[in-house]
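Visitor: One letter stands for each residue in the lines below.
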Amino acid sequence: MTRTTSTKRRAALIAVAPLLALSISACADSSTNTTGEVEADCTPAHPDLTTVTEGTLTVAADVSLPYVDVDDSTGELGGVDGLVLNQIAEMECLTITNATIHGSTAIGSVQQGQSDLAAGGWYWTKAHGKVLGQTDTVYYDFTAVASQDGQYSSLDDLDGLTVGVTQGSLYVEELQDVFGADNVKQYETLTQAMTDLTNGRIDATIAGSGETGYQLSQLDGTTLSMQPIEADDRLEASLSYGQVNFPHTLGNDSLTTALDEDIATLREDGTVQDALDTYGLTDEANFSGN
Amino acid sequence: MSDFLADSVSWLPDLLRGLGHSLWLTFVSLLLGLPLGLVLGYVTERTTSRPLRWLLVAVIELARGLPALVVLYLIYYGLPSVEVVLSAFWSIIAAFTFSNAGYVSEIVRGAIRGIPAGQLEACQALGIGRARTFASVIAPQALRISTPSLVGYAAIVFQSTSLAVAVAEPELLNAAYNIGSITFQYLQVFIVAGALYAVVVIAASRFAGWLATRTQY
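The listed protein sequences correspond, in order, to chains A and B.
The UniProt record's numbering puts the first residue of the first sequence at 1, with every later residue one more than the last.
The UniProt record's numbering puts the first residue of the second sequence at 1, with every later residue one more than the last.
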């Protein structure tokens, strides 16, 4: 397996991958929304910006709160990433076309040139960099352990137990080295891992704090809770924060430049912080990475 | 191309581990499903009790009618609500055994019907008991007739183990997913995984074909 040393939150998998291109078309057609209005006299922040479809920013929305949501009635993007993208579209005088496309299929959609970018709490990784453009960091996510009564917070606590992670997360290889492959169970989605945690099939989950917190908030009367993982040299993600960004079309330099500069503007003017606050990512570290 | 080959080689250890697990799932589910199917098939075909026959036919139809994935979800996600929590492995085995029993019973019933009725009548005329008739006359011939079909079915069961990815069991497809989700080289990794599935299935199919020629009356 290609070894990655950087971060990656997950790549939830829905479509049958060998038929990826076909399924992308099917998914995109089935749940596509176009939102936003552009004034006739709108001046884009980056006039030379090119997108897949002129005048619109096409977003492969990997719906997963608190990162991305799509409003059922209006079709508007929500979630932290969604709120930021709405602002970017406004700055660039673009409408947003979003298609709800899950996990790897969202990345496939960008690779295939059907979407400009993917949104869904994607971490910056070296592996992504080989096939996608990656923007500067929009915000940060830290690693959390969920367990019954939040009883575990360190790798030593979890020794000999079964830990659930999402497929493709940066934790997999390192955790397998620490606990052994049999004790690290990989799930397509964190929801599945949480279900098994609730049912006692596994002892803990390790995932991003944002998604873990959101998942726990959806479990009525649960005795599960999460703790930030304690720093440990054996797990790189415990030492640094996941850098959430927008994976986008590789080689579209005008898009990279526009996104990077717009992100900088939105971090500066408080838009990103507001979006984080709106979705409960209120830890200072979520913004600063420290 | 050389990158693809180099990547494929680097993925092989993980994929082969997954393949081994897929084969193990196939083996265990057949080990339990085959005898159950044999008994179901024979009893359904030979019982003189109509209610029992209807009941067994209902079970067989249910086993064949319900998609294995639905049965798997019922066991894995449904049973915990009544305090029955099976591991992913045993949930898969239970689901596949149920499905296997249904399909195997139909194969066996077909094989039993292929045995000339005159042989049974001869056994009865000679005063040979039912159990001995089954063990000495019916079963050997039924097995011989149905073996190619059963081998072919085993290949289908092997392919079906890919459903186990739905409950995060580390079989071949899951291993490929894991690699793809890290490297994003989905096309390449699924080509390699598909090739591994194909090698096993084609080999099994060839074996079934060879058996069919060897076991023809």
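No wet-lab data here; the hints were simulated from the structure.
Here a beta-carbon is modelled for each residue, glycine too, at the ideal position from N, C-alpha and C.
Hints are not guaranteed to be accurate.
[Stated by the list, open to error] Not everything, but these chain B residues come out facing chain A in the computed CB check (under 7 Å):
#1 Pro80
#2 Ser81
#3 Val85
#4 Phe89
#5 Trp90
#6 Ala168
#7 Ser181
#8 Ile182
#9 Gln188
[What the hints assert, rightly or not] Anything over 10 Å on all C-beta distances counts as not near chain A; from chain B, calculated:
#10 Ser49
#11 Val57
#12 Gln141
#13 Val167
Visitor: Against each hint, give a clear statement of whether it holds in the structure.
Guide: Here's how the hints hold up against the structure:
{"no.": "1", "hint": "Pro80", "verdict": "4 Å, holds"}
{"no.": "2", "hint": "Ser81", "verdict": "9 Å, violated"}
{"no.": "3", "hint": "Val85", "verdict": "5 Å, holds"}
{"no.": "4", "hint": "Phe89", "verdict": "11 Å, violated"}
{"no.": "5", "hint": "Trp90", "verdict": "11 Å, violated"}
{"no.": "6", "hint": "Ala168", "verdict": "5 Å, holds"}
{"no.": "7", "hint": "Ser181", "verdict": "3 Å, holds"}
{"no.": "8", "hint": "Ile182", "verdict": "5 Å, holds"}
{"no.": "9", "hint": "Gln188", "verdict": "10 Å, violated"}
{"no.": "10", "hint": "Ser49", "verdict": "40 Å, holds"}
{"no.": "11", "hint": "Val57", "verdict": "34 Å, holds"}
{"no.": "12", "hint": "Gln141", "verdict": "41 Å, holds"}
{"no.": "13", "hint": "Val167", "verdict": "8 Å, violated"}
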